[in-house]
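In terms of UniProt numbering, the sequence shown has 218 at position 218, counting the first letter as 1, and numbering is strictly consecutive.
If you are wondering where the hints come from, they were derived from the structure by calculation, not from laboratory data. Be a bit skeptical, because a hint or two may be false.
As a list, the in silico EDC-like pairs of lysine to aspartate or glutamate whose alpha-carbon atoms are at most 20 Å apart [unchecked claim]:
#	residue 1	residue 2
1	Lys-147	Glu-129
2	Lys-261	Asp-5
3	Lys-130	Asp-177
The calculated label-pair distances, taken between Cβ atoms and stated as ranges, are [stated by the list, open to error]:
#	residue 1	residue 2	range
4	Lys-130	Gln-225	26 to 34 Å
5	Gly-4	Glu-119	52 to 60 Å
6	Thr-345	Gly-62	49 to 57 Å
7	Glu-390	Glu-324	54 to 62 Å
8	Asn-401	Gly-62	45 to 53 Å
9	Pro-37	Lys-394	52 to 60 Å
10	Thr-345	Leu-16	55 to 63 Å
The beta-carbon is built from N, C-alpha and C at its ideal position, and this holds for glycine as well.
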Amino acid sequence: MSEGDKDAVWLMQGWLFYSDSAFWKPPQMEALLHSVPFGKMIVLDLFADVKPIWRTSSQFYGTPYVWCLLHNFGGNIEMYGILDAISSGPVDARISENSTMVGVGMCMEGIEHNPVVYELMSEMAYRSEKVQLVKWLKTYSRRRYGKQFIKLRQLGKFSIAQFTIDHNIDFIVKFPDWDPSPNPRSDVSEENQMQKLVTLPSNRRFLFQDTSSDLPQSHLWYSTQEVINALRLFLDAGNDLAGSLTYRYDLVDLTRQALSKLANEVYLDAVTAFRQNDANALHFYSQKFVQLIMDMDALLASDDNFLLGTWLESAKKLALNPSETRQYEWNARTQVTMWYDTTKTIQSKLHDYANKFWSGLLQDYYLPRASTYFDYLSKSLRENEKFKLEEWRKEWISFSNKWQAGAELYPVKAKGEALAISKELYAKYFC
1 MSEGDKDAVW LMQGWLFYSD SAFWKPPQME ALLHSVPFGK MIVLDLFADV
51 KPIWRTSSQF YGTPYVWCLL HNFGGNIEMY GILDAISSGP VDARISENST
101 MVGVGMCMEG IEHNPVVYEL MSEMAYRSEK VQLVKWLKTY SRRRYGKQFI
151 KLRQLGKFSI AQFTIDHNID FIVKFPDWDP SPNPRSDVSE ENQMQKLVTL
201 PSNRRFLFQD TSSDLPQSHL WYSTQEVINA LRLFLDAGND LAGSLTYRYD
251 LVDLTRQALS KLANEVYLDA VTAFRQNDAN ALHFYSQKFV QLIMDMDALL
301 ASDDNFLLGT WLESAKKLAL NPSETRQYEW NARTQVTMWY DTTKTIQSKL
351 HDYANKFWSG LLQDYYLPRA STYFDYLSKS LRENEKFKLE EWRKEWISFS
401 NKWQAGAELY PVKAKGEALA ISKELYAKYF C
């Protein structure tokens, strides 16, 4: 770097100090950081919102660093954000003794989600004091929608935006790849191991989960009734805010959140029915899961920000010839679905890493996956035979490969009235 530019500065991600902390002990960290002349390296404290390395490294042993918000992996769409850490973390770092902090940054793997998180983080570059979070949230609706409503102010007391997660593993977008039979030879261990690899150092993440169960665990860090109550309050403000594009986006996102968590419960009900050899209950819950996917697809179609077509068309527009068009569309489809280290019977370990709640993707990708899986479960009970996990995998992976190579066109403009659809779904599932 210096040979190319004598004034070059090495901007280095500090992720390795977290992800491989077993190796990067103080002597190793200090040796690396001091191997570069002072002033020629700046470290990105990449995960400072959750695991701030500056606190345990004597401020990176004198090396300048940037306090960073990572927040999101894979561009997953999920409502979360550790706002309490954001509102205080950069200030704590800056005023700490012997601080070497030189700035703040954002390094999320995906954007276009959780705008409240990024609005708050953007403010922290200009603040010298901690943000009084409750007060800040109470005035957020005026800044967001241009109006202040008492009912929306009540949303500030809900905990949905006060916690941190990593990848979205809700069952619609991260469908469990396992044999749910009691004590099967092949179980959900691989999925659980992948989940453990990305588990964050926070007990709050699994606050409302039953960790004693051997069933797959999805994200749930709040009472489901809490988010349903929040949705009700949000719908009550709809007549006054229906013309606001930001309100519509947030309404669709909040409704999606509530339905996604409900779908997790329905999936577990279906698996429990299978284990109890209850074919009727399995049919009921599997159909309800599928119906939830269909309803959510219609909901997401009502806002321009939740459309698969927009993603695919933006990729194809970069092409200079038909060959590139096909390649770029395949790339775009593959990135949000099945990464390409699969075999005929083994999915990529990072399948669904960049999963998305997008209209079109739910209807044509996640729904067939769930339907096929439930068909295999039903066949197992009907014919009194073992669940054929390998056959399910073959069929599903083959379908995924074909979909990734497809060229179906998807809408790039929203259709339907978001408020009306959300009200209908609230009445259907929560009343």
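Verification of the supplied hints:
Distance restraint check for Lys-147 and Glu-129: the Cα-Cα separation of roughly 27 Å exceeds the 20 Å cut-off, and the hinted pair is therefore not satisfied. Proposed proximity of Lys-261 and Asp-5 is contradicted: the alpha carbons are some 52 Å apart, above 20 Å. Between Lys-130 and Asp-177, the direct Cα distance comes to roughly 44 Å. Violation of the 20 Å bound is thereby established for this hinted pair. Here the CB-CB span from Lys-130 to Gln-225 is close to 31 Å, well matched to the stated 26 to 34 Å.
About 38 Å separates the C-beta atoms of Gly-4 and Glu-119, a value inconsistent with the hinted range of 52 to 60 Å. In this structure the supplied range 49 to 57 Å holds for Thr-345 paired with Gly-62, their Cβ-Cβ distance being about 52 Å. A C-beta distance of roughly 37 Å is found between Glu-390 and Glu-324, which places it outside the suggested range of 54 to 62 Å. Between Asn-401 and Gly-62, the C-beta spacing of about 51 Å keeps the proposed range 45 to 53 Å intact.
The supplied range of 52 to 60 Å is met by Pro-37 and Lys-394, whose beta-carbon atoms lie about 56 Å from each other. Checking the proposed 55 to 63 Å range against Thr-345 and Leu-16 shows it is violated: the Cβ atoms sit about 34 Å from each other.
Violation of the numbered hints given earlier is confined to hints 1, 2, 3, 5, 7 and 10; the remaining hints are satisfied by the structure.
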